[in-house]
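Protein sequence lines correspond, in order, to chains W and D. Counting along the first sequence from 1, when you hit position 141 you're at 130 in this note's numbering, and nothing is skipped either side. Counting along the second sequence from 1, when you hit position 349 you're at 338 in this note's numbering, and nothing is skipped either side.
Don't read these hints as lab results, they were simulated from the structure. Note that the coordinates shown come from a computational prediction; the quantities given were computed from them, not determined experimentally. Hints should not be assumed to be uniformly reliable.
The list makes no distinction among identical chains, and a pair is therefore deemed to hold if it is satisfied within one copy or across any two copies.
To be verified - Straight line, CA to CA, 27 angstroms or less: simulated DSS-like cross-link-like pairs of lysine-lysine: (1) Lys379 with Lys353; (2) Lys425 with Lys111; (3) Lys425 with Lys250; (4) Lys250 with Lys386; (5) Lys353 with Lys43.
Listed below are the residues making up each chain.
Protein chains: 2
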Amino acid sequence: MWHIREKTEITGSLNPKHKNSADNAPEHTKKQETNTMKYAAVLGYGTVGSGVVKVINTNNEIISKNAGGGLRVKHVLDLRTFPGDPVEEILTDDFNTILNDPEVDIVVETMGGLHPAYEFTKAALEAGKSACTSNKELVAEYGLELLQTAKEHGVNYLFEASCGGGIPIIRALMNSLTGDEILEITGILNGTTNYIMTQMTENGTGFDEALKDAQAKGFAELHPEADIEGYDPCRKISILSEIAYGKAVDYNDLHCEGITKIQTEDIRYAAELGSAIKLLASSVKKENGCEMMVSPYIVSQDSPLYAVKGVFNAVFVKGNMLGDAMFYGSGAGSLPTASAVVGDVVDLARNSGRNIMKIWEKEKLPLVPFEEIENSFFVRVGTENLEEAKKVFGCEKVIEGVIEGEAAVLTGVMKEGAFAAGLEKVPVRSFIRVKK
Amino acid sequence: MWHIREKTEITGSLNPKHKNSADNAPEHTKKQETNTMKYAAVLGYGTVGSGVVKVINTNNEIISKNAGGGLRVKHVLDLRTFPGDPVEEILTDDFNTILNDPEVDIVVETMGGLHPAYEFTKAALEAGKSACTSNKELVAEYGLELLQTAKEHGVNYLFEASCGGGIPIIRALMNSLTGDEILEITGILNGTTNYIMTQMTENGTGFDEALKDAQAKGFAELHPEADIEGYDPCRKISILSEIAYGKAVDYNDLHCEGITKIQTEDIRYAAELGSAIKLLASSVKKENGCEMMVSPYIVSQDSPLYAVKGVFNAVFVKGNMLGDAMFYGSGAGSLPTASAVVGDVVDLARNSGRNIMKIWEKEKLPLVPFEEIENSFFVRVGTENLEEAKKVFGCEKVIEGVIEGEAAVLTGVMKEGAFAAGLEKVPVRSFIRVKK
């Protein structure tokens, strides 16, 4: 059972209240004390934070080996209490306990939200502690600043879990695909919406019902806007693009459409085309800049993204030498996300005192203006408007007979501006972009 | 157009014959000389080696940035001449030119085969040069020894391109999935056989014809045994398991079956089951050891491996915390493989003087004996033997009506030894393992 994101809200006192020493740590974390023992503190004992503690305790032998010495969680920061939980003994509600503990090398921020996550991370880095996070809001907003702070203080700031949950896509872009010019990143980067789309596709469920089902199963939040309106994948594709293209991206500059307008009729047409509708966050390098947006797309069976179902995420990457590659895995959830966080903790432990981050430039990545972005479109119209639609949008294919009284048109590649102008002329029942 | 592997055969003189200085390097590689300039030498100008030179020249700006300074190919070793090719000016047929050049930091071995690739790599590492390779034969046979040699001499030995072509699976296992206990690795690790299986599935082609087609297209070699008999994926899964499980694997210890016995009738049944037949190399951790083998499997549509077609490769990984993940990309070919090699070159340049390799233990990974490995089976029999087959093999499902006069049985999970004993009792037309 997983949750799409932790909801831990910590305001965190900055006044020292009680001291929390290594001596009162749980017995099971006291093994393997060596000269190279590293101590971590976890900020926020929510879905991801508790997962991090569980991963480090469960796999401690493997992790210590990979980290080149023992690794132990010494403090957990949370305003709540957890009676009976082994973490109780190392729990603190005072961030200064962590900040002022010289033994703590690594701060793991799994609080979510911008504040006080930003202040705590910044203070930790300035105190010479490395940090890692699963917090995409924070990285999208303050990532570059925190990377620079880390560099200035000779420590590292890593955020593998901020994009694609357990999928190690950030390290792949930073450390593996370093011989390539990245030409495209297209991802299914949000588990909630992919779960909803999968339900709509496989069970013919309507959007509202599928959302309620996702909420009932804990896959969607009570206030699901960040997911269903596409804000979450918008932040993630911005972060991935900053890494891949080396320049800053403000996610507010991106056109961002969610899945709320998808109708069951659209799903039926997609199936008729041997395709499925997916919420894609994409970033494509063109001569005049980067085409970036978040939007539902019709994805054909030929694409490796087609088969990505339920709460899984996937990131498709095209390199000018590598060609097509795809990374697939659990996009969210306590343990998969914690697995990625702990991968960062191990990397931080291994690279203590050594800068291993790839920092992008402050200069903004040139973006193709939305109106100039090129896409193909699937357009549904009443039969009475079919001829006009064909004339206005151009037409590569007409699909008839799926729903009585209407037809759909597949357009050729056209600019968003031209398509929007067409929408003024022809009344359409729905439209969806088509992945090239 | 790609080739499944380079066929460059170099015996390489060990006597110095001519000196090749930086001064006669092509003009276009002379840019960006800085204090941090790194020089690489490429051994073997075959399919992969020529790709490496092309990647480094084409993406020089990006690569230099990622490497933290300029990167340049200073020598290329080959016994052949390449009149008119820019590489001509930096070509040498004498390995000592490279070995004795103190400016060369990185040796890129893309010769293939065991000898003299082994001797050259060993000599380079002993001379304090880091090395990387795309040569799975060499890594499977001498990987551990070369890693140790590198460590003793304070340099690195990397081999990302030896498994899965351009897919960055080795670095993911070494540096990303470090918080997990790896429970399973299952890969489509050979492009040639996946191409043949795809042709057989999509066009109903027989094995012999599909093989000829693959040879005509340059996807299979004239002597294709290493691919079609499964020896190549057998080496690769051994290497991946050594990294994931931390102990040595002798690929000769694995049960290894190729695709030569697959019949078009088997493909028809697989389609009837909504499945496809894939050559899988798998390594599954069990309580009593690791179940490792290479064999064709029936893979259902629910598996992310199902959609991996043509010359693409994919590696499925299950971690005890991460859950399911998959890495997908071009499994072979000059540029995708070269992209992975150059990723290693960049890593070597970044980490000069610093050991970044994960070395496994010399002790052998405990393997479950073949007879004890558990699998489910698809078994085709003449209708006259159906009842006997159901009795002997057990039966979860019978498939009738696909081919006249015969039927197929899907068995439950059983041990290989018990299945083999059953084969002595019932005449079967074919059998294929079924991926759980």
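Legend entry - Numbers of unmet hints, in rising order: 1, 2 and 5
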